[in-house]
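Here the protein sequences line up with chains D and L, keeping their order.
When we follow UniProt numbering, the leftmost residue of the first sequence carries the number 1, and every step to the right adds one.
When we follow UniProt numbering, the leftmost residue of the second sequence carries the number 1, and every step to the right adds one.
Among these hints, one or two may not hold up.
To be verified - Computed from the model, here is a short list of chain L residues facing chain D with C-beta under 8 Å:
# : residue
1 : V4
2 : Y7
3 : V32
4 : R463
5 : T465
6 : L483
7 : H485
What the hints assert, rightly or not - What the simulated footprint calls covered on chain D by chain L, stretch by stretch (three residues with Cβ under 8 Å from a Cβ of chain L suffice, anywhere in the stretch; the number is not a length):
#  : region
8  : 41-53
9  : 81-92
10 : 98-106
11 : 148-155
12 : 174-183
13 : 270-279
In short, the hints are calculated from the structure, not lab data.
Small disclaimer: the values here were computed from a predicted structure and weren't measured.
Note that CB positions come from ideal geometry on N, CA and C, so glycine has one too.
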Amino acid sequence: MEATIEVSGLRKRFGATQALDGMSFTVRPGQVTGFVGPNGAGKSTTMRVVLGLDAADEGSALVGGRPYRSLRTPLRHVGALLDAGALQPSRTARDHLLWLARSQGLGAGRTDALLERVGLAAAAKRRAGGFSLGMRQRLGIAAALLGDPPMLMLDEPFNGLDPEGIVWIRGLLRSLAAEGRAVLVSSHLMSELQDTAGHLVVAGRGRVVADTSVADLIEAASGGQVTVRTTAREPAMSALAGAGATVTVTGRDMLTVAGMAAEHVVRLLGDRSVPFSEVSAHRATLEEAYLDLTRDAVDFRGAAR
Amino acid sequence: MTAVTPYRSDLRAGRDGFWQLVRAEWTKFRTVHGWVAGVATGALLVVGLGLSFAAGSHSSCSKGPVEVPCPVPPLGPGGQAVEDRFFFVHQPLDGDGVITARVTSMTGLIRKPDATPGVRNVVAGVVPWAKAGIMIKESTEQGASYAAVMVTGSHGVRMQHDFTEDVAGRPGGVSPRSPRWLRLTRTGDTITGEESPDGRRWTRVGTARLEGLPARARIGLFVASPGDLTISPNAAGGSIAASRFAEATAVVDRVSVRGAGTGGTWKSDDIGVTTEVDGVTPHHPGRLERSGGTFAVTGVGDVAPLTGESTVERTLTGAMAGLIAVIVVGVLFVTAEYRRRLIHTTMLASPRRGRVLAAKAVVIGSVTFLAGLSAAGVTLPAGRRILRGNGVFTQPVPLLTELRVIAGVAALLAVAAVLGLALGALFRRSATAVVVAVAATLVPYVLAIMSFLPESVSEWLLRITPAAGFAIQQSVPEYPQVLAHYAPVAGYYPLAPWAGFAVLCGYTAAALALAAYRLRGRDV
Numbered sequence: 001m002e003a004t005i006e007v008s009g010l011r012k013r014f015g016a017t018q019a020l021d022g023m024s025f026t027v028r029p030g031q032v033t034g035f036v037g038p039n040g041a042g043k044s045t046t047m048r049v050v051l052g053l054d055a056a057d058e059g060s061a062l063v064g065g066r067p068y069r070s071l072r073t074p075l076r077h078v079g080a081l082l083d084a085g086a087l088q089p090s091r092t093a094r095d096h097l098l099w100l101a102r103s104q105g106l107g108a109g110r111t112d113a114l115l116e117r118v119g120l121a122a123a124a125k126r127r128a129g130g131f132s133l134g135m136r137q138r139l140g141i142a143a144a145l146l147g148d149p150p151m152l153m154l155d156e157p158f159n160g161l162d163p164e165g166i167v168w169i170r171g172l173l174r175s176l177a178a179e180g181r182a183v184l185v186s187s188h189l190m191s192e193l194q195d196t197a198g199h200l201v202v203a204g205r206g207r208v209v210a211d212t213s214v215a216d217l218i219e220a221a222s223g224g225q226v227t228v229r230t231t232a233r234e235p236a237m238s239a240l241a242g243a244g245a246t247v248t249v250t251g252r253d254m255l256t257v258a259g260m261a262a263e264h265v266v267r268l269l270g271d272r273s274v275p276f277s278e279v280s281a282h283r284a285t286l287e288e289a290y291l292d293l294t295r296d297a298v299d300f301r302g303a304a305r
Numbered sequence: 001m002t003a004v005t006p007y008r009s010d011l012r013a014g015r016d017g018f019w020q021l022v023r024a025e026w027t028k029f030r031t032v033h034g035w036v037a038g039v040a041t042g043a044l045l046v047v048g049l050g051l052s053f054a055a056g057s058h059s060s061c062s063k064g065p066v067e068v069p070c071p072v073p074p075l076g077p078g079g080q081a082v083e084d085r086f087f088f089v090h091q092p093l094d095g096d097g098v099i100t101a102r103v104t105s106m107t108g109l110i111r112k113p114d115a116t117p118g119v120r121n122v123v124a125g126v127v128p129w130a131k132a133g134i135m136i137k138e139s140t141e142q143g144a145s146y147a148a149v150m151v152t153g154s155h156g157v158r159m160q161h162d163f164t165e166d167v168a169g170r171p172g173g174v175s176p177r178s179p180r181w182l183r184l185t186r187t188g189d190t191i192t193g194e195e196s197p198d199g200r201r202w203t204r205v206g207t208a209r210l211e212g213l214p215a216r217a218r219i220g221l222f223v224a225s226p227g228d229l230t231i232s233p234n235a236a237g238g239s240i241a242a243s244r245f246a247e248a249t250a251v252v253d254r255v256s257v258r259g260a261g262t263g264g265t266w267k268s269d270d271i272g273v274t275t276e277v278d279g280v281t282p283h284h285p286g287r288l289e290r291s292g293g294t295f296a297v298t299g300v301g302d303v304a305p306l307t308g309e310s311t312v313e314r315t316l317t318g319a320m321a322g323l324i325a326v327i328v329v330g331v332l333f334v335t336a337e338y339r340r341r342l343i344h345t346t347m348l349a350s351p352r353r354g355r356v357l358a359a360k361a362v363v364i365g366s367v368t369f370l371a372g373l374s375a376a377g378v379t380l381p382a383g384r385r386i387l388r389g390n391g392v393f394t395q396p397v398p399l400l401t402e403l404r405v406i407a408g409v410a411a412l413l414a415v416a417a418v419l420g421l422a423l424g425a426l427f428r429r430s431a432t433a434v435v436v437a438v439a440a441t442l443v444p445y446v447l448a449i450m451s452f453l454p455e456s457v458s459e460w461l462l463r464i465t466p467a468a469g470f471a472i473q474q475s476v477p478e479y480p481q482v483l484a485h486y487a488p489v490a491g492y493y494p495l496a497p498w499a500g501f502a503v504l505c506g507y508t509a510a511a512l513a514l515a516a517y518r519l520r521g522r523d524v
């Protein structure tokens with residue numbers, strides 16, 4: 001219950017659009033949960049419903065076992081980054097954090113510590129209106145961390161970050177999760193989550209398409225295929241097929257073998273003295289696994305322009 | 001899956017409460033320089049326009065070709081400016097005593113506009129508040145404390161004292177067939193007024209305490225007649241008021257005075273009479289024609305609080321412009337959050353949305369009130385000083401009234417800013433909210449005080465629109481016993497100061513409640 005975000009059966013309609021259609025998942029403490037899906041899959045709406053900004057037509061969303069709107073100092077429970085651009089342009093970074101701190105009964109000292117942590121200490125007295133998107137993301141992350149909350153929800157935090165920033169935020173997310181926090185990070189680009197998320201919730205058309213650990217997802221997408229590079233294509237094919245494997249020619253000196261583990265392929269070809277230069281288990285990338293899953297769930301495919 | 005120990009913060013638990021929200025909103029307000037500057041602009045408009053209005057006001061009086069300082073009206077015992085001009089036939093009275101008299105007729109003359117140029121058009125008539133009766137007065141100085149019981153032109157018998165106090169007795173006029181007996185008794189500093197149809201059956205009209213009335217006072221007969229006030233439509237659709245000369249004559253007999261010091265000869269004084277250009281000849285003098293025990297007394301003028309002079313709140317006309325500035329800030333204080341989508345962050349920090357609106361109202365209201373208070377607190381005394389230097393008399397008002405005017409204008413600005421906030425939260429668009437707030441407060445006020453709407457329309461505007469709140473700045477009350485041009489154009493509001501202010505507060509509270517209600521249910 002504690003420090004867990006639970007979403008169950010959320011439905012919400014905006015006019016003719018069914019934005020959420022039975023969205024259900026759980027974000028557990030101690031790991032980064034990636035929340036992925038194409039644009040329009042309902043990721044942001046789900047987060048807004050969890051945070052009490054939008055009301056769901058059906059279903060429930062609980063943070064630490066309670067509805068967000070019943071929390072008294074909510075930033076002490078859940079830190080959120082929804083929209084890094086939501087800033088009063090003439091207010092300084094420090095003052096932005098200061099009013100948030102005041103609203104939670106926190107002291108002004110907390111703001112400086114956080115600006116330091118997100119690397120904005122030097123820009124503390126600059127007006128937020130002049131910030132780059134990357135700086136705004138950092139300021140938004142500082143705001144989310146202000147109350148030192150056990151639960152974090154970050155919507156597209158990688159947007160606008162430079163490579164250094166992306167590396168930084170990945171490390172930050174991993175360390176936050178390692179401290180025992182529940183961290184939900186949404187992204188429409190799976191690659192951003194590759195080395196960060198331990199668990200994935202894949203959304204499409206307002207519902208969950210897959211809810212799985214990253215390792216299981218890749219395993220499933222790889223489908224136990226083995227790639228063989230050999231100059232003796234015909235003998236290799238007959239040997240493998242004779243042993244019961246399904247063999248496909250995928251190149252002039254390349255075969256893809258299904259239904260046989262890589263060690264077995266190596267042993268079989270060695271026994272028959274078939275020469276080969278490489279036998280490798282094929283590993284799908286997270287990207288491929290994700291595309292597999294969401295192929296049917298994409299609402300708006302990028303049209304050629 | 002390995003068991004995970006959920007994160008526990010070692011940050012000290014923060015306080016949760018409305019005060020924290022107010023602090024957060026205050027931090028938001030003070031960290032946007034434009035908003036601080038906006039409220040400061042509102043305050044500076046009050047000061048700047050008020051002082052330049054005062055500096056630009058001059059008054060001068062002339063006696064023939066010679067320019068002289070304008071006469072300063074006398075002040076009554078209560079400190080207010082008064083008109084104290086009447087014909088007084090009196091004797092000294094030492095200590096306690098009684099005067100009794102019978103009024104048998106009251107007639108008068110009114111000078112109407114000349115029908116034929118150059119020919120005075122004088123008609124017979126008595127104005128409603130012409131006064132004839134008996135009086136005990138501290139001295140013959142203008143503004144001296146007094147108590148009197150009298151018959152009036154058309155408001156029956158009255159007992160009045162110290163200019164502002166008025167109690168009604170039996171209605172009806174007097175005639176030789178139906179005379180009116182009047183009696184005034186001094187016991188210490190208490191004066192009792194009575195009336196009787198026949199001199200035997202007496203009815204008390206009222207009593208007055210004249211604090212510090214000296215042992216020696218004056219006792220006698222008096223007559224006064226204020227000018228004939230006519231209000232006529234002007235070409236623009238408003239109205240103009242004109243006051244024309246009127247005098248009244250009362251015939252009084254059966255006069256008896258008892259008490260130490262009385263019994264000597266009657267002395268006549270035309271109290272407060274003005275003189276012609278030569279400085280000697282009285283202008284419109286009163287007179288006494290006596291035949292035995294019958295006194296025919298003719299008087300001009302009035303014994304009443306003054307209504308037609310410049311008031312202190314005229315130094316605060318800049319509040320109209322200041323109002324626009326604070327409304328704009330009030331609106332932006334919330335619409336800027338919608339425009340920047342910062343409202344989401346605000347609602348995340350405080351999911352109880354109505355409380356956010358309340359905290360914002362507290363902040364913008366307090367800030368504007370304090371700014372308005374300092375602006376009005378400087379402008380009113382400074383403006384009055386400048387006006388005095390320019391020879392313009394402003395009606396003195398009691399300290400509490402002056403404080404009410406200053407704090408009232410500040411509160412008017414503060415509530416208007418909160419109204420702007422509420423409308424901003426309701427419409428979520430700056431331009432719409434500003435236009436509606438200004439149209440609700442300032443536009444009806446300006447329409448009402450300009451002289452191009454019929455008075456009844458002006459008065460309704462100041463009753464039923466939020467502009468009714470401007471009544472809070474009226475410093476001189478409307479006196480029922482004085483006929484004057486009590487209209488918005490002359491600075492008189494149809495509602496009492498606090499009642500008018502309550503109308504504005506009511507609208508603001510309703511707008512806030514509506515905004516909070518809509519905020520509660522909707523997605524933000």
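Verification of the hints:
1. The closest approach between the C-beta of V4 (chain L) and any C-beta of chain D is roughly 3 Å, which is under the 8 Å cut-off, so the hint is satisfied.
2. Taking 8 Å as the C-beta cut-off, the interface hint given for Y7 (chain L) holds, the closest approach to chain D being about 4 Å.
3. Taking 8 Å as the C-beta cut-off, the interface hint given for V32 (chain L) holds, the closest approach to chain D being about 5 Å.
4. With a cut of 8 Å, the hint placing R463 (chain L) at the interface with chain D is violated, because the nearest CB-to-CB distance is about 40 Å.
5. A least Cβ separation of about 33 Å between T465 (chain L) and chain D goes past the 8 Å threshold, and the interface hint is therefore violated.
6. With 8 Å as the threshold, the beta carbon of L483 (chain L) stays out of range of chain D, its nearest partner Cβ sitting at about 57 Å, so the hint is violated.
7. About 50 Å separates the beta-carbon of H485 (chain L) from the nearest beta-carbon of chain D, more than 8 Å, and the hint is not met.
8. By the rule of at least three residues with a Cβ nearer than 8 Å to a Cβ of chain L, the coverage given for the region 41-53 of chain D holds, with 4 such residues.
9. Against chain L, the region 81-92 of chain D contributes 10 residues with a C-beta closer than 8 Å to a partner C-beta. That satisfies the three-residue criterion, and the hint holds.
10. For the region 98-106 of chain D, the assignment as covered by chain L holds, since 8 residues bring a beta-carbon within under 8 Å of that chain's beta-carbons and 3 suffice.
11. For the region 148-155 of chain D, the stated coverage by chain L is satisfied: 3 residues place a CB nearer than 8 Å to a CB of that chain, which reaches the threshold of 3.
12. Coverage of the region 174-183 of chain D by chain L holds [criterion: at least 3 residues with CB-CB distance below 8 Å; count 4].
13. For the region 270-279 of chain D, the assignment as covered by chain L is violated, since 0 residues bring a beta-carbon within under 8 Å of that chain's beta-carbons and 3 are needed.
When each numbered hint is compared with the structure, violations occur for hints 4, 5, 6, 7, 13.
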